[in-house]
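Peer 1: Here the protein sequences line up with chains R and B, keeping their order.
Its first residue numbered 1, the first sequence is counted upward by one per residue in the numbering used here.
Its first residue numbered 1, the second sequence is counted upward by one per residue in the numbering used here.
By construction, these hints were calculated from the structure, which means they are not laboratory data.
This one's a predicted model, so the numbers in the text were calculated from it and none came from an experiment.
From the three backbone atoms N, C-alpha and C, an ideal C-beta is built for every residue, glycine too.
Any given hint could be a false lead.
Under the rule of at most 30 Å between Cα atoms (straight-line distance), these lysine-lysine pairs were calculated in the BS3-like manner [claimed, not checked]:
(1) R:K22 to R:K77
(2) B:K44 to B:K9
(3) B:K14 to R:K22
(4) B:K44 to B:K14
(5) B:K57 to R:K77
(6) B:K14 to R:K69
(7) R:K22 to R:K112
(8) R:K22 to R:K69
(9) R:K112 to B:K14
(10) R:K100 to R:K22
(11) B:K14 to R:K58
(12) R:K58 to R:K22
(13) B:K57 to B:K9
(14) R:K77 to R:K112
(15) R:K77 to B:K14
(16) R:K112 to R:K58
(17) R:K58 to R:K77
(18) B:K14 to B:K57
(19) R:K100 to R:K58
(20) R:K100 to R:K77
(21) B:K9 to R:K69
(22) B:K44 to R:K100
(23) R:K58 to R:K69
(24) B:K44 to B:K57
To list a few chain B residues with every Cβ distance to chain R over 12 Å, as calculated [as the list claims (entries may be wrong)]:
(25) Q6
(26) R94
(27) S109
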Amino acid sequence: AQSVAQPEDQVNVAEGNPLTVKCTYSVSGNPYLFWYVQYPNRGLQFLLKYITGDNLVKGSYGFEAEFNKSQTSFHLKKPSALVSDSALYFCAVIGAAGNKLTFGGGTRVLVKP
Amino acid sequence: NAGVTQTPKFRILKIGQSMTLQCAQDMNHNYMYWYRQDPGMGLKLIYYSVGAGITDKGEVPNGYNVSRSTTEDFPLRLELAAPSQTSVYFCASRTTISGTGGEGYTFGSGTRLTVV
């Protein structure tokens, strides 16, 4: 069975500092990996995905993520966090031959001014 | 582009009542999904469908039923509502991920259900 782990329930960072949200996954075969963001009382917004190719993926709002196959990780990063980045972030995975997208438990990001 | 449309946006049910959450997509996607999100938690898969006439259980199917008579529609039915079904429900659809240059998955805006 495929699974996603987001080891941190919450990440606190000062505005302007680098932001990292961790994600590790387990899946049979090659993974397709996603990051979504959710603002309060809103649906999920797509940030970026890894399908194949370059391990460093760039996405919306200045976010990027690095796929590391040996560590089965797909950490989300932003070089300089904004207060407006405060939200709930979800990592998700689907196997290349699979049908179901599995989500991690989410990490709440709080960026303080 | 309508994408994935969910109705209603909000609903309050009494214990034991039934209702159907509607989901429709206009992108001709074969794959459709129902997730529930409990407060402060991740999304759990309830049911999914890989095409019209085909449905399968996800992680938390108990208390729910689905049907997929057309490609466009994927309704989720609650037969006997229970307080444990208080949640936000998201419908999603997708095309073949490797063949898309976009997001792959498209999510609806959600239905907030409270069972009292």
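Peer 1: Are the hints correct? Go through all of them and say.
Peer 2: How the hints compare with the structure:
no., hint, in the structure
1, R:K22 to R:K77, "9 Å, holds"
2, B:K44 to B:K9, "19 Å, holds"
3, B:K14 to R:K22, "40 Å, violated"
4, B:K44 to B:K14, "23 Å, holds"
5, B:K57 to R:K77, "34 Å, violated"
6, B:K14 to R:K69, "48 Å, violated"
7, R:K22 to R:K112, "19 Å, holds"
8, R:K22 to R:K69, "14 Å, holds"
9, R:K112 to B:K14, "41 Å, violated"
10, R:K100 to R:K22, "21 Å, holds"
11, B:K14 to R:K58, "46 Å, violated"
12, R:K58 to R:K22, "16 Å, holds"
13, B:K57 to B:K9, "24 Å, holds"
14, R:K77 to R:K112, "17 Å, holds"
15, R:K77 to B:K14, "44 Å, violated"
16, R:K112 to R:K58, "24 Å, holds"
17, R:K58 to R:K77, "10 Å, holds"
18, B:K14 to B:K57, "25 Å, holds"
19, R:K100 to R:K58, "24 Å, holds"
20, R:K100 to R:K77, "25 Å, holds"
21, B:K9 to R:K69, "40 Å, violated"
22, B:K44 to R:K100, "11 Å, holds"
23, R:K58 to R:K69, "17 Å, holds"
24, B:K44 to B:K57, "11 Å, holds"
25, Q6, "9 Å, violated"
26, R94, "8 Å, violated"
27, S109, "5 Å, violated"
Figure legend: structure checked against the earlier numbered hints; hints not met, in rising order: 3, 5, 6, 9, 11, 15, 21, 25, 26 and 27.
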